[in-house]
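First residue of the sequence shown? That's 2 in our numbering, and the numbers climb one at a time after it.
One thing to keep in mind: the hints can contain errors.
Listed below are the simulated DSS-like cross-link pairs for lysine-lysine, each with C-alpha atoms no more than 27 Å apart in a straight line [said to hold, decoys possible]:
#1 K167 - K146
#2 K167 - K128
#3 K167 - K336
#4 K128 - K146
#5 K336 - K146
#6 K167 - K135
#7 K336 - K266
Distance ranges between label pairs, derived from CB positions [as the list claims (entries may be wrong)]:
#8 D367 - A143: 51 to 57 Å
#9 C346 - A168: 30 to 36 Å
#10 A110 - D270: 41 to 47 Å
#11 P382 - A179: 30 to 36 Å
#12 D258 - N234: 24 to 30 Å
#13 G144 - A102: 49 to 55 Å
#14 A403 - G144: 30 to 36 Å
#15 A110 - N234: 37 to 43 Å
#16 I116 - D367: 24 to 30 Å
#17 N261 - R78: 42 to 48 Å
#18 S407 - A183: 32 to 38 Å
#19 E385 - S113: 42 to 48 Å
#20 S105 - G79: 17 to 23 Å
#21 G181 - D249: 34 to 40 Å
Just so you know, these hints were derived from the structure itself, not from any lab. Note that the Cβ used here is the ideal one computed from N, Cα and C, for glycine as well.
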Amino acid sequence: MRRQHRRFLGALATAVIVASVLTTPAPASAGDPESSRNAGQASELARATPVQVVAAKIGEIAERSYRNSFAGLKVDRGTGRVTLHATDRGEADQLVGRALASVSAAQRATTSVDIRISRYSRLQMEKASSQIWKAATTHRAAGLKVYSIVLPSDGRGLQVRVNDPKAAEPLSQAVAAAVGSAMAPADIEYVAGSPIHNVSRESPSAPYPGGIPIRWGFEASSWTCTAAFGVRNPSGTEYLLTAEHCYDNGDDIEAMDGDNIGEIKAENDLHDAAIFNVNTSSGVWVNDDYVFDVRSGQYSWDGELVCQSGYTSYPNRCQIEVVNEYVQWSDDSGKVRRGVEGHRCAGCPSVAHGDSGGPVWSIRSDGFVAARGIVSAGSVPVEEGVSYEYILWTEVPPALTALGVSLQTS
2 MRRQHRRFLG
12 ALATAVIVAS
22 VLTTPAPASA
32 GDPESSRNAG
42 QASELARATP
52 VQVVAAKIGE
62 IAERSYRNSF
72 AGLKVDRGTG
82 RVTLHATDRG
92 EADQLVGRAL
102 ASVSAAQRAT
112 TSVDIRISRY
122 SRLQMEKASS
132 QIWKAATTHR
142 AAGLKVYSIV
152 LPSDGRGLQV
162 RVNDPKAAEP
172 LSQAVAAAVG
182 SAMAPADIEY
192 VAGSPIHNVS
202 RESPSAPYPG
212 GIPIRWGFEA
222 SSWTCTAAFG
232 VRNPSGTEYL
242 LTAEHCYDNG
252 DDIEAMDGDN
262 IGEIKAENDL
272 HDAAIFNVNT
282 SSGVWVNDDY
292 VFDVRSGQYS
302 WDGELVCQSG
312 YTSYPNRCQI
322 EVVNEYVQWS
332 DDSGKVRRGV
342 EGHRCAGCPS
352 VAHGDSGGPV
362 WSIRSDGFVA
372 ARGIVSAGSV
382 PVEEGVSYEY
392 ILWTEVPPAL
402 TALGVSLQTS
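Could you put together the complete structure from these sequences and hints?
Here is the structure:
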């Protein structure tokens, strides 16, 4: 049984949950958060470091106000350096100035920001990648498959992952014609890739936190997905996020105890996101014992570490490093998604079937949870049909915008 609920974490030191060092006070009901809010102390959870705080602020402002020139970020946790890639030096200087003005003096003093001029902005790379997806549909009959497209943080061009790079010549010609002068053909690299697979969690009670196992209510499904984070619309109606590929609009959603707790009300394909109406909270299960409160939604940047607590990956998966902060992929449904790619280590599972729709998160410098994403898919099997070495998630901030909702925060 999942037990303890913590609103605030004290004395934290890395962005990783180590389940074995969590203290285990007397059990409390998961459905009684008030009685367990102050029960127990979770140790060895780390605050976000100054470099991560600065990177988060730069990225937040860039996504909001500088998309015409912003390409991406690289976070070096060891040296405390953030590398900002952008096509315009003046706008990059302005962006950095705004970001640094909004963080503390101590965070500025221990973080350096390096500005590098990139060949393309994110916006330019997005436009070129959309042409590739369109061209790929015309060559599918010939056996050529586009698995995913990486939009690298340094803005150098695009990396297109296909089943057979030698057979990509017709596609490259079609792309060159469609993209025209927007991106040089030489800046589009075709490499061998791996197929992307969706990664389709018990007795919770209302208000339901994120991270609970859920299933389709029409007949008892043999497979399950996971809920991500609590959200609400402008009218105050509450929902939980999950993955679009798990369900269809109108599907009834059950908790694992068989209780019907809601119905899918809206979906978004690009961000592989869906919401179902339910009495929810600002909490999220970070493992099988603790619920922590969510304070914000954040983007993820190259070099950062995150955790995911989908139901199947007992008790969670942490130390997931962002290896590509912007990837587009086509999954088992054939729909094109956009988000982030992460990796733990060679041969190590980062995600498993049943984690789909689950929460990807990190711990902020104040000890609260930052919602990063919704588990969507995996690639490179560790155990065929069970778990995958690489995890792909869609990002929370644009998914919220697309669905017209905001995070439930403490």
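Taking the hints in turn, this is what the structure says about them:
1. K167 - K146: Roughly 12 Å between the alpha carbons, so the hint for K167 and K146 holds.
2. K167 - K128: Since the Cα atoms of K167 and K128 sit roughly 24 Å apart, the hinted pair holds (cutoff 27 Å).
3. K167 - K336: With a Cα-Cα distance of about 24 Å, the restraint between K167 and K336 holds, given a limit of 27 Å.
4. K128 - K146: Distance ~20 Å between K128 and K146 Cα, so the pair holds.
5. K336 - K146: The given pair, whose Cα atoms are some 13 Å apart, holds under the 27 Å limit.
6. K167 - K135: This hinted pair holds, its Cα atoms lying about 20 Å apart.
7. K336 - K266: 20 Å, holds
8. D367 - A143: 51 to 57 Å: For D367 and A143 the Cβ distance comes to about 54 Å; the hint holds.
9. C346 - A168: 30 to 36 Å: 32 Å, holds
10. A110 - D270: 41 to 47 Å: Holds, since A110 and D270 (Cβ atoms, about 44 Å apart) stay within the stated range.
11. P382 - A179: 30 to 36 Å: 33 Å, holds
12. D258 - N234: 24 to 30 Å: The hint (24 to 30 Å, Cβ to Cβ) holds, given that D258 and N234 are roughly 27 Å apart.
13. G144 - A102: 49 to 55 Å: Check passed, 54 Å falls within 49 to 55 Å.
14. A403 - G144: 30 to 36 Å: 33 Å, holds
15. A110 - N234: 37 to 43 Å: 41 Å, holds
16. I116 - D367: 24 to 30 Å: Given about 28 Å between the Cβ atoms, the range holds.
17. N261 - R78: 42 to 48 Å: For N261 and R78 the Cβ distance comes to about 44 Å; the hint holds.
18. S407 - A183: 32 to 38 Å: Given about 34 Å between the Cβ atoms, the range holds.
19. E385 - S113: 42 to 48 Å: 44 Å, holds
20. S105 - G79: 17 to 23 Å: 21 Å, holds
21. G181 - D249: 34 to 40 Å: 38 Å, holds
The structure agrees with every numbered hint stated previously.
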